[in-house]
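Okay, here's what each chain looks like letter by letter:
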Amino acid sequence: MSDKIIPIGPYHPLQEEPEFFRLRVDGEVVTDIDIEIGYNHRAIEKISESKSYDQVTFLVERICGICSTSHPFAYTNAIDDLLGVEVPERALYIRTIIGELERLHSHLLWLGLAGHFLGYNTVWMWAWRYREPVLDIFERITGNRQHYAMFKPGGIRRDLDEADFPWIKKTLKSLIPKFDMFKGAVIDDPVIRARTEGVGVLTKQDVHDYACVGPTARASGVAMDVRKDDPYAAYGKVEWKVITQQGGGVFAKAVVRILELYESTNIILQCLDKMPKGPIDLNIKDMPAGEGIGRHEAPRGEVFHYVMSDGGNSPARHKVRAPSYMNIASNKKAVIGETISDATIILAAVDPCYCCTERMAVVDYKTGKKVFDGQDLIRLSQEKTERLRQKTKNR
Amino acid sequence: MLKHLFNFIIFPGFLFTAVVGLAASWIDRKVTARVQWRVGPPWYQPLADLVKLSIKEITIPKNASKVVFLLAPLFGLSAVILAATFIWQANIQLGASGFTGDIVVILYLLTLPAIALILGSSASGNPLASLGVSREIKLMLAYELPFIICIIVPIIKSSGFLKMTDLIAFQAINGVFVSNISGILAILVAVFCMQAKLGLVPFDMAEAETEIMGGIYIEYSGILLAVLKLTKTIMMVALPVFLSSIFWGGFSVWKYVVLLVVMILMRNTNPRVRIDQALRFFWYRMTSLAIIAVLLATLGM
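Those protein sequence lines, which keep their order, are chains A and B.
Going letter by letter, the first sequence gives residues 1 to 395 in my numbering.
Going letter by letter, the second sequence gives residues 396 to 696 in my numbering.
In short, the hints are calculated from the structure, not lab data.
Predicted, not measured: the structure shown is a model, and the values here were computed from it.
The reader is advised that the hints may include incorrect statements.
[Unchecked claim] Quick list of in silico lysine-lysine cross-link-like pairs, DSS-like style, CA-CA up to 25 Å:
id, chain 1, residue 1, chain 2, residue 2
1, A, Lys170, A, Lys241
2, A, Lys366, B, Lys425
3, A, Lys4, B, Lys425
4, A, Lys4, B, Lys533
5, A, Lys178, B, Lys425
[Said to hold, decoys possible] Per the computed footprint, the stretches of chain A lying under chain B, defined by three or more beta-carbons under 8 Å from a beta-carbon of chain B, are:
id, region
6, 31 to 45
7, 160 to 174
8, 210 to 222
For glycine and all other residues, C-beta sits at the position ideal for the given N, C-alpha and C.
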């Protein structure tokens, strides 16, 4: 059979967001893959420069619908770094709880979707059913099932009610048998193993080459986790371990995520026990000039935020790097040589979040060609950095 | 002549089988929904789907071979209706039912829907459809061999009957074939082949919505899609009834329900396998099992 191109995207049942993978196939085997992003750019970094520091927390929360708290988490870390303040202890614990609850629901969501992509709709529905209690906890403690709006530079916005703690603990503990069930259903099922084990393998070297982060890296045996490597919030104060697997394939990624469910539950339970009483907010009023970085281990990997302040009301420059941006590129390595059936689950195995990954692309609609190539974009960004440097120097 | 036409179109052919099939597909959807903690559709949903599809516009791709594309679904549907008519007639002893060798004819007729779909879909000129077609062809090559081998078992055990009514009568006197080890092996293989023939999970790779967006069905819309769905629905009745007649001493409601439940459970507790895995499964495991069943049958077990 001659070479032909199988498109996955921009609109495809595999993905809920517009993204384009052009698979060149020989029969069923993928020989090359071209990844195109830039269908839905929202210019969040630019908008951020016109909002006040408090408003930006809400803005970045809307970068991603699933890991909605990772961006505010990293952003507030960046602002706290910029200010050089010590956030109250209780606020740190509450931040940790929110971050870990989010990991629970995000991993359960991925587990369900992975089942759906494999045609195993029962796993899909069951995983999402047991995701519900996590969302119920969110609703009880933050008022929202998604977009919790809990973060704020220098603290958090709402306190947790001690009266809720027994109920939260009970709900979380009731989830552990369900996680056991999923562990059994995925690890012991011969058909799932046959479909996923050794499929789309990334070696340790590939992980380093493509700078993969999060569960994608940990499934290849790279023990990389910001929570451990550079502890922030309350992660240094609780007992937990980094989950790694050696396989590197889709199966290993699934196992990493399932085992992380236990660790997250463990962290939340410890936080609820250890949480001290006290203030939750520093009530920051002034923003000095300077720059700060913030990192957070999102469910998909490390989120990085850089904020530059010129002493004004809004960031002079705000840079976001989401984990999927690093992980999606690794598909270039993982997909080639596999079949189309496997390609879809490999593409999904990095738990891609396309709205985080979105970058600008300027396309001439008459010719369909991209106006700026890589070199042009580097030149444009260097010019912009130079302008920023001049601007902050003048102040 | 008129009687045959009546048998073909109304009872027990098209209309009757379609109604039973729609009911069965509702049971399938409802049970699936309950297994997945969903509510599930109301009883008329399969019919409503067909009605909705049949009032929709038909889109014909520009570079499709139009005649083949349009006629293939009807070709498949009429073949499966004919098969269903034969199978029912043998079971309810309607008139002079059957002829020597009707099992072979039914085997051919049950293969035709897949062939029609392959023809029609490859006529559409869509790359994803051609991928689905190549998978369907491989799958057909995979399941037809063990299916035909395991059909030989009842023929051997009845010392050479090739007529369905004879087989049913033989089982009524000498006991059903599934009471022997060879019969059990044969129906086991046949149930897996049935799942693949119906294109249900784990053997739905020709359709594979999340991989190739419906693959073999991708270009079909409107009433043509309704016809294809109806073909599948009728197959869902014809195949289990066929299996229960030749292995299990004739049709009865509970036997049909048992086979249906096996089908539904299998499709809800498995992910989709890859085409090469399916090929290996049918050729190595199922064919060997079917051959063992035939050998056991010749030894009288």
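Consistency of the hints with the structure:
At roughly 23 Å between alpha-carbon atoms, Lys170(A) and Lys241(A) fall within 25 Å of each other, so this suggested pair holds. Restraint check for Lys366(A) and Lys425(B): not satisfied, since their Cα atoms lie roughly 50 Å apart, outside the 25 Å limit. With a C-alpha separation of about 40 Å, the suggested pair Lys4(A) and Lys425(B) falls outside the 25 Å cut-off, and the hint is violated. Taking the CA atoms of Lys4(A) and Lys533(B), the gap is near 19 Å; set against the 25 Å cutoff, the hint holds.
For the suggested pair Lys178(A) and Lys425(B), the alpha carbons sit about 24 Å apart, so the restraint of at most 25 Å is met. Counting residues of the region 31 to 45 of chain A whose beta-carbon sits less than 8 Å from any beta-carbon of chain B gives 0, not enough to reach three: the coverage restraint is violated. Interface restraint, the region 160 to 174 of chain A with chain B: violated (0 residues with C-beta to C-beta distance below 8 Å; minimum three). For the region 210 to 222 of chain A, the assignment as covered by chain B is violated, since 0 residues bring a beta-carbon within under 8 Å of that chain's beta-carbons and 3 are needed.
Hints 2, 3, 6, 7 and 8, counting from the list given before, are not met by this structure.
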